[in-house]
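Enquirer: Here are the chains, one letter per residue:
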Amino acid sequence: MSLANRSLVTIDDLSNGEIEALFSLADEMAELINDQSKVCQGKIMASLFFEPSTRTRLSFETAMHRLGGHVISAVDIGATSLAKGESIADMARVVGSYADIIVIRHPWEGAARVVADYAGIPVINAGDGGHEHPTQTLCDLYTIKKERQTIKGLKIALWGDLKYGRTVHSLAYVLARFGATILFHPASGLGMPEHVLRKLTTEYKGELKRYEALDQVAKGGLFPIDAIYITPSIPHQLAMMPDISIQVELKTGVDALYVTRLQEERHTPAVERQGVKKDYPVVDKKLLKEKEFKRTLVMHPLPRVDELAYELDADPRSMYFKQAARGVPVRMALIALLLGAKEVTIPKEDDSFVQKVDYPIYRRDSGVRCPNPLCVSNQETEVRYINPEFKIVSLKPLTLRCIYCEHELQPQYIASSDWHQGMLENKKYHSADSWLVRRIKPGNLIIFDTKNEAETRGFKPSSYVR
Amino acid sequence: MSLANRSLVTIDDLSNGEIEALFSLADEMAELINDQSKVCQGKIMASLFFEPSTRTRLSFETAMHRLGGHVISAVDIGATSLAKGESIADMARVVGSYADIIVIRHPWEGAARVVADYAGIPVINAGDGGHEHPTQTLCDLYTIKKERQTIKGLKIALWGDLKYGRTVHSLAYVLARFGATILFHPASGLGMPEHVLRKLTTEYKGELKRYEALDQVAKGGLFPIDAIYITPSIPHQLAMMPDISIQVELKTGVDALYVTRLQEERHTPAVERQGVKKDYPVVDKKLLKEKEFKRTLVMHPLPRVDELAYELDADPRSMYFKQAARGVPVRMALIALLLGAKEVTIPKEDDSFVQKVDYPIYRRDSGVRCPNPLCVSNQETEVRYINPEFKIVSLKPLTLRCIYCEHELQPQYIASSDWHQGMLENKKYHSADSWLVRRIKPGNLIIFDTKNEAETRGFKPSSYVR
Amino acid sequence: MSLANRSLVTIDDLSNGEIEALFSLADEMAELINDQSKVCQGKIMASLFFEPSTRTRLSFETAMHRLGGHVISAVDIGATSLAKGESIADMARVVGSYADIIVIRHPWEGAARVVADYAGIPVINAGDGGHEHPTQTLCDLYTIKKERQTIKGLKIALWGDLKYGRTVHSLAYVLARFGATILFHPASGLGMPEHVLRKLTTEYKGELKRYEALDQVAKGGLFPIDAIYITPSIPHQLAMMPDISIQVELKTGVDALYVTRLQEERHTPAVERQGVKKDYPVVDKKLLKEKEFKRTLVMHPLPRVDELAYELDADPRSMYFKQAARGVPVRMALIALLLGAKEVTIPKEDDSFVQKVDYPIYRRDSGVRCPNPLCVSNQETEVRYINPEFKIVSLKPLTLRCIYCEHELQPQYIASSDWHQGMLENKKYHSADSWLVRRIKPGNLIIFDTKNEAETRGFKPSSYVR
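Residue numbers (my numbering), protein chains in the order written: chain P, 270 to 735; chain G, 270 to 735; chain S, 270 to 735.
Just so you know, these hints were derived from the structure itself, not from any lab. On a predicted model such as this, the values are computed, not experimentally measured, just so you know. Ideal placement from N, C-alpha and C gives every residue a C-beta, glycine not left out. Warning: the hint list may mix true and false statements.
Taking CB as the label site, the calculated pair distances span [stated by the list, open to error]:
# : chain 1 : residue 1 : chain 2 : residue 2 : range
1 : G       : Arg-638   : S       : Ser-457   : 43 to 53 Å
2 : G       : Lys-307   : P       : Thr-470   : 39 to 49 Å
3 : S       : Ser-621   : G       : Arg-638   : 39 to 49 Å
DSS-like mimics (lysine-lysine), calculated; alpha carbons at most 25 Å apart, straight line [to be verified]:
# : chain 1 : residue 1 : chain 2 : residue 2
4 : G       : Lys-665   : G       : Lys-625
5 : P       : Lys-307   : G       : Lys-307
6 : P       : Lys-558   : P       : Lys-547
7 : P       : Lys-307   : S       : Lys-474
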């Protein structure tokens, strides 16, 4: 099967079977890494980094060179094109007419999707703000798979800055899809964003249990967690979910501890003032002496700062340098597949942990905007051509998910474009939580953020407006 | 015929026939773009960008990779070498001893000529301040040629920031050379520099008609222009040039509308204060509904900001993304020719629109300096070795054109190095507008900017000094 | 013989014989520079520049391309990784798992050694702060050798900023090793660092004569020098060293004048205030008319500023552009050797000017730190894992040389880890200049910077503490 001409913007752009096939190809690449120099001969990869990065960019460029391809590279271009006021759609079209594949890192969330929409060639997201970093996730998952043979049934702890760390967002989704249980151990004030936790509950078949206080679970000896995503793949008694059984189960050990650094570059001054830095959790020899970490893989997407002690570097459980090294064959496999230079046989998919949903799309111009100030759809240079677009992921409460950055919003007012007999006195708007939301055909639904917006467009409040 | 070892600093470095031959080679390159990987095998292109640029640089680097060559690249190096106080001549010599061809972009006007003078290898100007950008012009001309088959007799409008936009300078020259009529529609206060307009009248056979007010021509329905360059190739009645006939002729339609963005990065604070930004002319669907734009090619060197509406992107008249894409085969052809990797047959030249002039050169050290503060010859690191040099393009009034940036100046005083019988009392200087300017042999001419300079060098005022 | 998998951190990492063999290979490379494209095919060089550089980086990248290899490049990455707080050891490990060879330039002295320690692949130092720049030295030495056939017995003057100029440090060592006499002509206040001068006296067999005043030697007509390193290879009467004979000898001419620019980027504000800039010595036509410069090679590592006049560029004695050009074949030879792509026959070594010393190592954690604030071992991100380590280069006075940056220190207090019978009252520390320093076995030696440090660790002053 060919994956040619597809893009990888979020980890969900690859099915479970495709990921498994990609891993097999990565195994082949790793085995004969110096024998791949004909695979992408004559092909050109554009490496566009609007945010500083050495590691990820060099990993991609190494991969392309090992495949025999060429690289054109634009680093730290924030200042450059933005200064001239260019949109990323224009840049995507132009670079898309030069190169054969684009790798993009950008501080705006959803930027990679826009590039993929306009480039006309395959696009790989190398990190878009705090949104996703799917190739890092592929390296992470590949490492767990190589060390544990399977993902299903594993217990994996995500540790540190879960709010701004994009790698943990992509990773949480894919772990859920492959049937792992996920323990969330955030630094104080840096828990998983609500929209990520909600997406876990809407897209996958496991259950999410939240704890009110970070130290609630700690009493049983386990490190503190603020939430747990329990996969249906683990034994029945845990799925029954009395807190006791969770703790019993967890005492059998954590399979991987995925540590992340404080993403200071994405913090607002307000976060800084909270002093998150001083009580950021540290993983060191002492912690790893606990019996639940006896066979734990210690992982980190790197770069690390102080959250992961150097004394662990020689520990056989430490996987972080292996993760980095494996980035090359994994990215080689990905590039070769998207360029159509390699084909794969997709194994029978195991989608038993995925909840298939076809959400209706809302793209009407009714003033509803994504609430995320870092979303690509809110940027001055991009509003010229991007129309906001949302998935309607819930009706009660009415919830929209931005298709670019996946942040969610719950707008307050609705109307129908089909007001009876076209009589102006019937042009009314209603509360989003009235029963009418289910009566209006999705194709007719109009959504407003504010009363003012509704009234500006000629609607009057109905009796269903609180 | 071989173009090996030549440089492209200004568009006039290539003859009309050479440009036509280059376009034929670009056609070949475009047709089999993936089959060119042996053409420049083992050759190294140095890509030196002292000003930010993504598009142009990546286009050149793509071209070199498609030809099978290597690229060494230095981006945003302003800070680097300048900080160490190095001259561009030294840099040119050193990089010239590493690479096989140099592509240079620099904020100083005339910088590419200095690099070409010292590198010892072919040099391509990828933009030198507000001076020229000849490869962009090749892409522009190639696009017009592909869409209209010829340039001769076309009517082409240049639109926007004609003062600081280097691409329109190179383009105006080449359009005149190929027999096009040019309409100048500048944003307010951003008309073509005087030296560009004057060069049009001195080097080409057409006539330049200026309008006093921007809206003068507008009355006839046409968009406002401040000047028109009328090629001798268009019908007699227009060449007769009563204003009426121009308008009649133009109503038959404009062949191309070449839009440019506001070159804010080159504006002085004074320009900023004039508020040029707010009434910058915009090209949008509404404008293009006018009947003179019915078959108009809409062109733009990109990046665009607000002067060209996104709503035009799907319009079949829009050429700007094609222009960008064609940059690769055009630059492939150019690189292959200058490296001697390809040869071409030059068609019989049609130089009927070019006025051949061999201007005398003035290079005596008499204190005359180029008036352009951005000229390479005025920079602190470069004055150590650059002696100002000028073409004497007119004697009445005495006019010098800087050979680096092509800005012109009209110095006030002259003298002869051959004062009669070597007697000091005969060592006199005169007004530049006296009849003596024609009596002094060019080889003996001494030119001064100021009385003071003349007197410092031991000359006394003659009776021909006002 | 293979040099595969070795690193070049300081010039002393290559023996005299290896350098001669490398030069022979460079000759081969220079002769058929376009025929080497199979030598390193498929290999990847990582070019990591934490300090701005165009020349050196492009020279290395050109070399790798000429050898048929690939380049991944990270330029001006200071901001990038440092901002994220990453250590260079982590970066070295990660990039070492991507590439086949690393070229590193870094502002911290000793940084290249750390990279070499952690990368797991060959590492080339392309300049580490004010410490060394061994590949520049290879180019310099190669140029002298090609022009003079030998180094032995030559008289070479080092000129300018000898304090901050790293190229002159590496060069001084290698000149001494090959039997040259070295004249030091620093700009005022910018003499060779003490630790470099001392290393010349401890590692090589010549003698160092210092002058109290810069103009002392000048009286005899020679340009002023502040020190001279006299190789045993020159005639007996000079080695006898009465000042008269030095001057007589030097009047026979200087073989090379190695000019350096003011290294402003490494100067402290204090140095700036001394106004070193205004009386910086200049090499120009006038100076070179002196008879001792009649056959002198004029050398400069470039970039130059004002210390070397442009009027010399056409002078046949000027070597600086040749030095730069020769950087490519020299670096090609070096890369090919370290990658094991080429082997060489090492000629019989002539080590007659080298003093073999195996210094004991001191690496105990007793609070002794390198005094150099720019040493890699003192940086916030690196202290997490680097333990200071020193060579004990002298006992009287006790002198430690940092193994990273080679700065020296003379600590004041010592103790033995073997206090008699383990009785606490015998746990004493002593003055470093007491006779006990020779009595304590090197393996038992403990060294303290301060009394406080000794006492904090439970030692009490002995009667041998001043």
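Enquirer: Now look at each hint and say whether the structure bears it out.
Expert: Here is how each hint holds up against the structure:
1. Arg-638/G to Ser-457/S: 43 to 53 Å: Hint violated: Cβ distance 35 Å, outside 43 to 53 Å.
2. Lys-307/G to Thr-470/P: 39 to 49 Å: Since the Cβ atoms of Lys-307/G and Thr-470/P sit about 57 Å apart, the hinted range of 39 to 49 Å is violated.
3. Ser-621/S to Arg-638/G: 39 to 49 Å: 59 Å, violated
4. Lys-665/G to Lys-625/G: Distance ~19 Å between Lys-665/G and Lys-625/G Cα, so the pair holds.
5. Lys-307/P to Lys-307/G: 15 Å, holds
6. Lys-558/P to Lys-547/P: 23 Å, holds
7. Lys-307/P to Lys-474/S: 55 Å, violated
The structure does not agree with the numbered hints 1, 2, 3 and 7 stated previously, though it agrees with the rest.
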